[in-house]
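Visitor: What follows is each chain in one-letter form.
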Amino acid sequence: MVDYLELDDGSPHLVAWEAVDSGALYFDRRNADAKSGGTEFRRRRLGIDGTVRSFTIVHRAAPGVATPYVSAIVDLDGGGHVKGNLVDVEPDPDHVSLGMRVRLTTFVAGTDDEGTEAIAFGFAPVEDT
Amino acid sequence: MGDVGDEVWVLGASMTKFGRFPDRDVIDLGSEAALAALADGGVTIHDMDVLGAGCLFQSDQGMGQQLQKQIGQTGIPVYNVANACATGATAIRTVYLSIKAGEADMGLAVGMEQMGKAGLLGGAGKARSEKHVFEPSGRYGSVLSAEGRLGTGLMPGVFAQAGMEYAYEHGGVGFEEFARVAEKNHAHSTLNPLAQYQKRFSLDEIMNADMMAYPNTLLMCCPTGDGAAAVVVVSGERLRTLSDEQRARAIRMSASVLTTDPWTETAQVQPDVNTLTRNAADAAYETSGVDPADLDLVELHDCFATAELVHYDNLRLCEPGEAGKFIADGRPWRDGDIPVNASGGLISKGHPIGATGVANVYEVTTHLRGEAGDRQIEGATVGLTHVIGLGSACGVHVLERATA
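Chains A and B, in that order, are what the protein sequence lines are.
In this text, residue positions in the first sequence follow this note's numbering: the first is 390, and each later residue adds one.
In this text, residue positions in the second sequence follow this note's numbering: the first is -15, and each later residue adds one.
I should point out that these hints are in silico values taken from the structure, not numbers from a laboratory.
Heads up, a few of these hints could be off.
Simulated crosslink set (EDC-like; lysine to aspartate or glutamate; CA at most 20 Å straight-line) [to be verified]: (1) B:Lys101 <-> B:Asp31; (2) B:Lys115 <-> A:Glu506; (3) B:Lys1 <-> B:Asp(-10); (4) B:Lys309 <-> B:Asp319; (5) B:Lys101 <-> B:Asp9; (6) A:Lys424 <-> B:Asp(-10); (7) B:Lys1 <-> B:Asp358; (8) B:Lys115 <-> A:Glu503; (9) B:Lys53 <-> B:Glu87; (10) B:Lys84 <-> B:Glu221; (11) B:Lys53 <-> B:Asp9; (12) B:Lys101 <-> B:Asp12; (13) B:Lys183 <-> B:Asp194; (14) B:Lys115 <-> A:Asp502; (15) A:Lys424 <-> B:Asp31; (16) B:Lys84 <-> B:Asp7; (17) B:Lys115 <-> A:Asp501; (18) B:Lys84 <-> B:Asp31.
Can you build the whole structure from these sequences, using the hints too?
Guide: Here is the structure:
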């Protein structure tokens, strides 16, 4: 459902625009790098494992959004930060914690009238080994 | 006209009651505040050299000119400003800059907003067309609204995440510490007749209220609403020509700072409300020569309880990383050593967006004059105001009682 998620035949991952001058990472189409002002970018594949640096459990949401759900900011191993839902976890403070380890997964976020599925990414808890 | 670099003073200040006023329009509210601020300063619209008009949601409708058509069309320049939740502070700053530049001796800044009961603010979904076929669009090549699917961008959740990020980095902060912020601000508002709500709630009631976005319950979120505030700002040179009474009540604006968010790594996915606030506060302390320990009261941007807590640290009111302890120890209560949001704050006083950054200057000015009635912070001589709007923009003003 967004162009920075690449499904890649079963090993889904995120890709970012990396500013050549500064190493800053972005998910959106860029005019220039907000850190350095440079205009050269390259695609960079990001890691799928990460750590929850912040979260909220949303109970009151926009129409059509099922609640409660967990929105989280994840620090990806190897660089990059991303916002997404936590999935496969009870949406309550006893089951979600700051610093918990998570891994990228995908889910069907919607289907259009021609049957095309929109695939979104989320993060599921993993046992840290 | 005044000298470049002259001191700038608040001569008159006013705010309307905040609340919901469906029988009035936003110009009624702006006019009430403007006329009262002029009267408070002992001046008229004919003394004004410039008008700064702040209004966010009707910012394309020439609100300053509409206001002039009700209170006085004198041909002076009007700056209509919109700068997220820093709109009111930006309106003040346009007048401040005109005086600093030597173009004006005296000016009026008005912040006004009519929101009614607006619900959750933030990203909105699009209306669905007849046949629905996914088509990537926008800068992320999205086929669906990201809201609720890739996290949240609605305000209660965004500011919850800002608070939880602080908890992750510093510890000593949890649901209860955040709730204690709201406990304080609701308690403070009971002394403020201009507040939208004036009801005290127990910590238990706050923590058990409807959950909006954990850890922010309904009683930890500011309401939407209607209201206006205005200040008359004057150069030091012009102030010295005014009466003893006007000079005695004038409050010095020792710093006026506006910042935006510099590039930070995590802010690409979660707004960074910290760095620009720290930058604004540091610049304001440096310009004014005021130390955080000198402050007698602070009105800061508690749009959510989670936001107020992080700003204790950002504004250097507590030791770095100690914001949880700061509230747990009761230091920002009105009887603590740095009273924060003695007005009730946005959480209880209300947050008509364009008015907020002017209303907090009104509040601090009123205390520094010793005219705050039941909620007076006794002996207050130095105060600070802070607003932040996502996008982002941050306005900080330092105000001092001084001899003109």
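Visitor: Run through the hints listed earlier and report the numbers of any the structure violates, in increasing order.
Guide: 1, 3, 6, 9, 15, 16
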